[in-house]
Each structure stands twice: as structure tokens, then as C-alpha cells.
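Visitor: Sequence:
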Amino acid sequence: MAPSNTKETEKHCVLCCQEVDIFALGKCDHPVCYRCSTKMRVLCEQKYCAVCREELDKVVFVKKPAAFSSLPYQQFPCEKKHDIYFCDENIYAQYR
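All letters in the sequence shown, in the order written, are residues 1 to 96 by this note's numbering.
Simulated from the structure, these hints should not be mistaken for laboratory data.
It is possible that some hints are incorrect.
[Unchecked claim] Here are the in silico distance ranges between beta carbons for each label pair:
(1) Asp83 / Val51: 24 to 34 Å
(2) Gln75 / Cys17: 26 to 36 Å
(3) Cys17 / Lys64: 16 to 26 Å
(4) Asp21 / Val42: 17 to 27 Å
In this text, a Cβ means the ideal position worked out from N, Cα and C, and glycines have one as well.
Model the full structure from these sequences, guided by the hints.
Guide: Structure follows, in C-alpha cells:
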């Protein structure tokens with residue numbers, strides 16, 4: 001069954017179609033789940049958006065999608081090797 005509105009589609013990852021509890025956002029503002037983003041960045045060493053292919057030098061893991069430009073990611077904990085920022089320690093703990 002197809003989602004009935006935009007809010008429903010925001011709850012599911014466009015890549016794996018699983019319900020999203022933590023979103024990964026880059027400068028293009030296309031949200032994917034943190035699991036898919038982690039697989040791409042860490043395992044495959046691919047740092048581009050899976051939706052539009054824009055190169056993403058950094059991504060932020062958040063609980064709710066928001067405009068990337070509005071996120072104060074410089075103040076967030078960071079996993080420097082893969083340029084992943086975490087809006088809080090709980091998200092960082094889930095990533096690890």
C-alpha cells in the first residue's frame with residue numbers, strides 16, 4: 001500500500017524502505033536512514049547522496065528531518081574519519 005501523504009513517506013527510507021528512526025542528512029537535504037548512510041560511507045566509502053548523487057563531504061544524523069543548513073552540526077559530536085555528525089550522544093551510541 002502506498003503512503004497517503006508526505007508525512008508518511010518521510011517515515012520510510014527511500015533506499016531500503018524501512019521505517020526510519022534516525023535520519024541522515026547532507027547539504028542536498030535528501031533524508032535516508034542512518035543505516036543506509038553508514039553502509040555507503042563506512043563500508044562502501046561512497047560519500048554521495050544516493051538520491052541525487054551530489055557529493056556530501058559531511059552528513060548529520062538526526063531524529064527528525066530538517067534543512068541541513070539550519071543544523072548547527074559544528075557543535076555536534078563527530079566521527080571524523082567518515083565525516084558523520086550526531087545531533088546527540090544517544091544517536092552516536094546507536095551508530096557505534
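Visitor: Now, for every hint given, state plainly whether the structure supports it.
Guide: A quick look at each hint next to the structure:
no.: 1; hint: Asp83 / Val51: 24 to 34 Å; result: violated (18 Å)
no.: 2; hint: Gln75 / Cys17: 26 to 36 Å; result: holds (32 Å)
no.: 3; hint: Cys17 / Lys64: 16 to 26 Å; result: holds (19 Å)
no.: 4; hint: Asp21 / Val42: 17 to 27 Å; result: holds (18 Å)
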